[in-house]
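Residue numbers (the working numbering), protein chains in the order written: chain A, 363 to 717; chain B, 363 to 717; chain C, 363 to 717; chain D, 363 to 717; chain E, 363 to 717.
Derived by calculation from the structure, the hints in this document are not laboratory data. C-beta: ideal position from N, C-alpha, C; glycine also. Among the hints, a few may not be true.
Cross-link-like lysine-lysine pairs, in silico, BS3-like; alpha carbons within 30 Å at most [stated by the list, open to error]:
id, chain 1, residue 1, chain 2, residue 2
1, A, K581, E, K411
2, B, K612, C, K460
3, A, K488, E, K556
4, A, K437, E, K523
5, B, K556, C, K422
6, B, K402, B, K437
7, A, K441, E, K612
8, D, K603, C, K612
9, C, K603, C, K460
10, B, K586, B, K603
11, B, K411, A, K612
12, D, K586, E, K556
Here are a few chain A residues that face chain B, going by a calculated C-beta distance under 7 Å [claimed, not checked]:
id, residue
13, V397
14, R518
15, K523
16, G524
17, D643
18, T661
19, A664
20, P669
21, N680
22, G706
23, L708
Chain residues, written in single-letter form:
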Amino acid sequence: MQKENSSRAAKKTGLAPGTVVYVGKKANKNLFIDVFDYNKDYLDEKQLKNIEEAFTYENKETITWINVNGLNHVKEIEKLGNDFELHPLILEDITNTKQRPKLEEHQEYIFVVLKMLYFDKDQNLKFENISFIQGSNYVLSFQEMDGDVFDAVRDRLRNNKGRVRSNGADYLLYVLMDAIVDNYFNLMEVMGEKIEELEENLFEEKSNNDLIQEIHGLKREILKIRRAVYPLRDVVNHIDKVDDSLISEKTQLYLRDLYDHVIQVSESIDIQRELIWGLMDMYMTTISNRMNEVMKVLTIMATIFIPLTFIAGIYGMNFENIPELKFQYGYFILWGVMLVIFLGMLYYFKRREWL
Amino acid sequence: MQKENSSRAAKKTGLAPGTVVYVGKKANKNLFIDVFDYNKDYLDEKQLKNIEEAFTYENKETITWINVNGLNHVKEIEKLGNDFELHPLILEDITNTKQRPKLEEHQEYIFVVLKMLYFDKDQNLKFENISFIQGSNYVLSFQEMDGDVFDAVRDRLRNNKGRVRSNGADYLLYVLMDAIVDNYFNLMEVMGEKIEELEENLFEEKSNNDLIQEIHGLKREILKIRRAVYPLRDVVNHIDKVDDSLISEKTQLYLRDLYDHVIQVSESIDIQRELIWGLMDMYMTTISNRMNEVMKVLTIMATIFIPLTFIAGIYGMNFENIPELKFQYGYFILWGVMLVIFLGMLYYFKRREWL
Amino acid sequence: MQKENSSRAAKKTGLAPGTVVYVGKKANKNLFIDVFDYNKDYLDEKQLKNIEEAFTYENKETITWINVNGLNHVKEIEKLGNDFELHPLILEDITNTKQRPKLEEHQEYIFVVLKMLYFDKDQNLKFENISFIQGSNYVLSFQEMDGDVFDAVRDRLRNNKGRVRSNGADYLLYVLMDAIVDNYFNLMEVMGEKIEELEENLFEEKSNNDLIQEIHGLKREILKIRRAVYPLRDVVNHIDKVDDSLISEKTQLYLRDLYDHVIQVSESIDIQRELIWGLMDMYMTTISNRMNEVMKVLTIMATIFIPLTFIAGIYGMNFENIPELKFQYGYFILWGVMLVIFLGMLYYFKRREWL
Amino acid sequence: MQKENSSRAAKKTGLAPGTVVYVGKKANKNLFIDVFDYNKDYLDEKQLKNIEEAFTYENKETITWINVNGLNHVKEIEKLGNDFELHPLILEDITNTKQRPKLEEHQEYIFVVLKMLYFDKDQNLKFENISFIQGSNYVLSFQEMDGDVFDAVRDRLRNNKGRVRSNGADYLLYVLMDAIVDNYFNLMEVMGEKIEELEENLFEEKSNNDLIQEIHGLKREILKIRRAVYPLRDVVNHIDKVDDSLISEKTQLYLRDLYDHVIQVSESIDIQRELIWGLMDMYMTTISNRMNEVMKVLTIMATIFIPLTFIAGIYGMNFENIPELKFQYGYFILWGVMLVIFLGMLYYFKRREWL
Amino acid sequence: MQKENSSRAAKKTGLAPGTVVYVGKKANKNLFIDVFDYNKDYLDEKQLKNIEEAFTYENKETITWINVNGLNHVKEIEKLGNDFELHPLILEDITNTKQRPKLEEHQEYIFVVLKMLYFDKDQNLKFENISFIQGSNYVLSFQEMDGDVFDAVRDRLRNNKGRVRSNGADYLLYVLMDAIVDNYFNLMEVMGEKIEELEENLFEEKSNNDLIQEIHGLKREILKIRRAVYPLRDVVNHIDKVDDSLISEKTQLYLRDLYDHVIQVSESIDIQRELIWGLMDMYMTTISNRMNEVMKVLTIMATIFIPLTFIAGIYGMNFENIPELKFQYGYFILWGVMLVIFLGMLYYFKRREWL
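The following block holds chain A by itself, in its conformation from the complex (with noise of 0.2 Å):
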């Protein structure tokens, strides 16, 4: 996590605000560029080549979606920023993949931050900035590279299915965060299983170090996440009081049912928050307990055996002088004194419920 605050800072310290940087590591090679321009009857789905094709759409009276994948190429995203009169800061936040989630009301347009988050093949947590212009009728997206959660939007464009292709750009921009939203549920499912296997983990015999550096990932995780979703609901509920030339009441419906959707998820991270803090003193008392049931055999073999040897050691004596050595049977009266001596501890440690 420090490494993501800080590469920022080894990037830009030094340079002025304002200043339009990619910061990431993630590359994509190409930038992609695909528009989805419609409006209740007609629909247009293609790839631009470059950048400029984008321009033309600002003012046409169909609702557009410009989705731009590929942050790392500034220059581009830096002429589409100026031809759509963004604000140098704001072109700065959207190449800066470590902006935290956040809401601007401009005059002519509203600046949305998200964080999309997935476990990569390696069940790795990936966090991927993605940024929303929204105008009156039009909705750009910016993604740091290929994949996303967009595909059943982009469905119900085609198909004309629900009620995308009837509504504005306000609720364009609301079915795309509802997706990455909808995707936080997926995502807490995934770490509930996580927390379930360690549990059972825990209670097995050969656990060690390992399981410790596992709870430890765990809580790194859930920090983040929560770090990426909670500023959201500032977001989402904020989004309420957007002036309504930019958002249409109705949308606002849908919004606050968003919103709704958003503490959700806030609180299925505080549940499995406390849930993966409890896991480390869950480990501590397993360890203990079975330290416990190592301690019982060593001290039950120790007590047991310790006296007869002893009794043992005394007979092997070589005094002169010792009379019960001479006896008969001396040595089997040694063996039924023994099996007293054993049979009374079994009773001792059976009544201490040691066995």
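Starting from the known structure of chain A, arrange chains B, C, D and E on it as the hints suggest.
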């Protein structure tokens, strides 16, 4: 818990918002609809065969309570919703059993979502979603499946007990919510008994990892209960501010009382939470106490017999010249010496209060 | 605690709201009603035989304090309530001994619920509900059973000490609440002594699981006390804002002082809570310290004698050719060697500061 | 701490509110009153023999600081209070040494209660109550007993240093409060040294239960300090809003600076609190570390010598037919075997890094 | 940390408020003053020899940044303050290196205090106080000693990069604060590396009490960092509300961006804090794990050899009549029996998964 959060995602990801889908596991084979139509002097109770029969009640002057069991019958619920002119998002929320408790005030009705909590036969905590629509002269209630906590309310309606028949739909809503909240007290009682039972088990010798899992299980349960009850405080508090065309001032008084009860349950949850969190510490301490006992037994036995065995070993050596071995009473003197050592050890342990 | 929450449920589930039912265990055989009727120059103290005698006091110009002991006499309380035109929900709250502290402002009177806390003979923490109705010229007080903290107030009334006789019903209410809050200081003192006693017991060798249970018991008690006292802050703070036809500005000053005392008790509760929570950690640490001691004794004994016993074992072997055995002073030389080893070990343990 | 809370109760339970009683242990034999009467050009410092002499200062045009040491002289304080027309509740608060810090704004004066904190000769934390009454041209200060932190202020008055002589009573009040808050920094320094000392002691071998009690003692102290300082934030912050007939705008600036200092002390308290809470964990961990060391020594010794002793035991047996015993170099071969086992063990422990 | 709090007290107790005293350890031998005087087209950079030269810049139309290094040169700072008509309390705050971050809005200027944080060569965390006075056309900055994070800013001024030369003094203030906040990201990166390093060390066998001290040291550091950064949120947030004669609306936008960064740092601090707090638990658990390993080795060795040694002891006894001793193959049969016991034990430990 994560299961719950995510099953929503699993079923709903990619669907258009406002799509009415049943999200839940428990399914009711048949849709069950019962209606109470009443005023001060009149009561008509009947079960409906199909949803269309319910449409007639919307504009009757009497108060009508239409209770629908079986959220999986989505089509019928959608029909009813359309007839009562409910917003699509509300219909979505009704059938989404993962919906968190909330209140929404609309022009013509208010919409309330609550959780019904109970332990099933295997003492597993179950959640059932219940939604209310209250208009000026009707209350619609939607439950996941048969079985609820409203039998006492039905009795009062039938026998004209209490004030319910002489009051409006707002009072009926209050009475139904009150029945749910009253049931929380029962739930807290069961939780309290579980905690006390666990506390007693902690001190038994034969405890093991099961106990840790039980404590962890209680944590999960209280977290889930808290999640179901806490939002209620906002809900009930907010009803207070609902326009009094829907909730009369007289009913407000009762709702303030209900709010009181919700706070009381919340406080119980907080206290139980702190007690459950303390259980793991308590258990850890009892384990340490027990290990201390085990160690003492081992140490006492070893400390007493190790030097004695050493002495026996000495006189078991085969040196040709060991003068003591030839003393006539050497063996008996040695026993005396050992006895002195033994008693000295006992005295030492007594003084350190280990015995 | 859960018992308390739930006994309400057990008795009340299914009853219509506003039904006046006695919820509680302690029952007073007889209803006990005593009345103080007074003004600056006049005092009439008497015990009433039946509740109807109380009705005459409602409209007298003098100040009247009617104290009712025995909440199980529901019928009589209902009669009194009807005569003083109290709302049914208030009557329900009065007889519900699980009611949390609260204040309600009505047109003609204010309604206050408090908790009287005390330790009984067996040092068990007890809660008693007490409700006040204060009108312009009367105070009604309702207690679960005989015995209260108001004797000093009665004395002052009888002997015209202090300002109570020269002030109105609002001042009487303040004086009664002040007596209850003053008693909390006594309670905190007892709690403080219990904590200190426990702290001292922690360091005694013979401690055991009882101690864990006592610490857990203290946790429960402080949580219950907090639950009874915390809401008082809102109550007293809120009185400040009551319409001054019921509470004069002069009395407000005194109430602000009372608020100060409530805050002071709350702070004491918080501090004691932190100390009690620390006790379990302390105990855990003392156990570990003690186990460390035990382990050291074992280790020192074993480490010293195990090599010595090994050496004795060597020369107890029956090899035909062990040259040392034939040395004339072999036995004595061996004692010398063992002494050197023994002293070396002692020196080692001294240097590690284990001795 | 509980002692403090409750001694109030012990002495005051049952008294009428507003009764002026001295609640405290430390008593001043004689009442000590000193007066500074001054303006820019004039200073009169004297000690008063009886309280009546103070009455003349109320309406002088010069600024007067009357300092009263000895809160147990209740009668005299009452007389002074009556002359300066103080409310009875204020007089009660002045003599109640358990009063929490607060500010009250009255028509003609403001009333401030603070705590003076210091460590006595035995390093015990002591609290002394100090109250101020500030009118338009006078400041009354009431201390429990002789000895305070105002000597520097007195010097400045006498030598006309700083701004104090050229400003009003409000500035004098600020200067006095500033002296008290400045002293808190000294207190925090001592606390900090105590914490560091404890930290160092934790790692010494000879630690014991005393350390646990010292940590617990620090907890109590920091909780008490916090209790004395935290309310100050409200007090100082509130002064800001006092009517400017009593506190001039110019002085407000200084008070904002004082507020800054109070916040700074609060932050130090919070940090120290976290560090103290961490000490118990640290101690627990060092104990575990130490026990680990002890266990390793035992295990290494036992593991090495137990098999060797077993082998010696084998050849100490008296079977008639044990061929090895008759080998001429059997004894020396055995020593070789034992050496190999010994070295093997050493190698094993080295590899596990236990040595 | 307590050192810092208290050194203020040590030096300042007893001084009149507003006395300008240098509170700090690090002293700059010489006062170092450098000035940037610029507008869009012009830049004059020079070092001043004495403070009086600075006076001329107050009323120039160009923007001037006067940077003063060496807070121990109190006299000169006082002179500068008087010339720029700063309030004495502000001068006191500038030279008080323990001043917490704050913002004060005055008629003619705003006053901002920040902390510059860095690790010195020995990886000790250092704090340096830095104060800014921003008037309509000048910024004064005061540092404890040479060396700062502003070199990049100076470069931009010299080379007319970015927007700084074309904007006013408010923008310069923003740029300087931004440089400080950017540096916090570097700091968090170092902290993050320290945490990760510690985590790895936890799992090495040879860990010891040093680790505990390092964890405790990290706690102290993160608490101190938090203390330096948290108040910044109020500071930056508050600047937003400063009268726009001092801070233009245009600059406000940039400040909102700065606020974002401060929040981001705060979140990183919170996450690191939780991780550091978890380290002690982690360490405790690894110790327990390790002790468990040690105990297992001991128990396995002892449990296997104790019964075998007992058997050897039996046949080492000197009874005259022990029939087994006379069997021809008695010795070899015994070896067989011992092997069986040995293998049985191994099997037992395998099954319990201790091996």
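Status of each hint after checking the structure:
no.: 1; hint: A:K581 <-> E:K411; in the structure: violated (56 Å)
no.: 2; hint: B:K612 <-> C:K460; in the structure: holds (24 Å)
no.: 3; hint: A:K488 <-> E:K556; in the structure: holds (23 Å)
no.: 4; hint: A:K437 <-> E:K523; in the structure: holds (18 Å)
no.: 5; hint: B:K556 <-> C:K422; in the structure: violated (54 Å)
no.: 6; hint: B:K402 <-> B:K437; in the structure: violated (34 Å)
no.: 7; hint: A:K441 <-> E:K612; in the structure: holds (22 Å)
no.: 8; hint: D:K603 <-> C:K612; in the structure: holds (23 Å)
no.: 9; hint: C:K603 <-> C:K460; in the structure: holds (26 Å)
no.: 10; hint: B:K586 <-> B:K603; in the structure: holds (28 Å)
no.: 11; hint: B:K411 <-> A:K612; in the structure: violated (36 Å)
no.: 12; hint: D:K586 <-> E:K556; in the structure: violated (35 Å)
no.: 13; hint: V397; in the structure: violated (21 Å)
no.: 14; hint: R518; in the structure: holds (6 Å)
no.: 15; hint: K523; in the structure: holds (6 Å)
no.: 16; hint: G524; in the structure: holds (3 Å)
no.: 17; hint: D643; in the structure: holds (5 Å)
no.: 18; hint: T661; in the structure: holds (4 Å)
no.: 19; hint: A664; in the structure: holds (6 Å)
no.: 20; hint: P669; in the structure: holds (6 Å)
no.: 21; hint: N680; in the structure: holds (5 Å)
no.: 22; hint: G706; in the structure: violated (13 Å)
no.: 23; hint: L708; in the structure: violated (14 Å)
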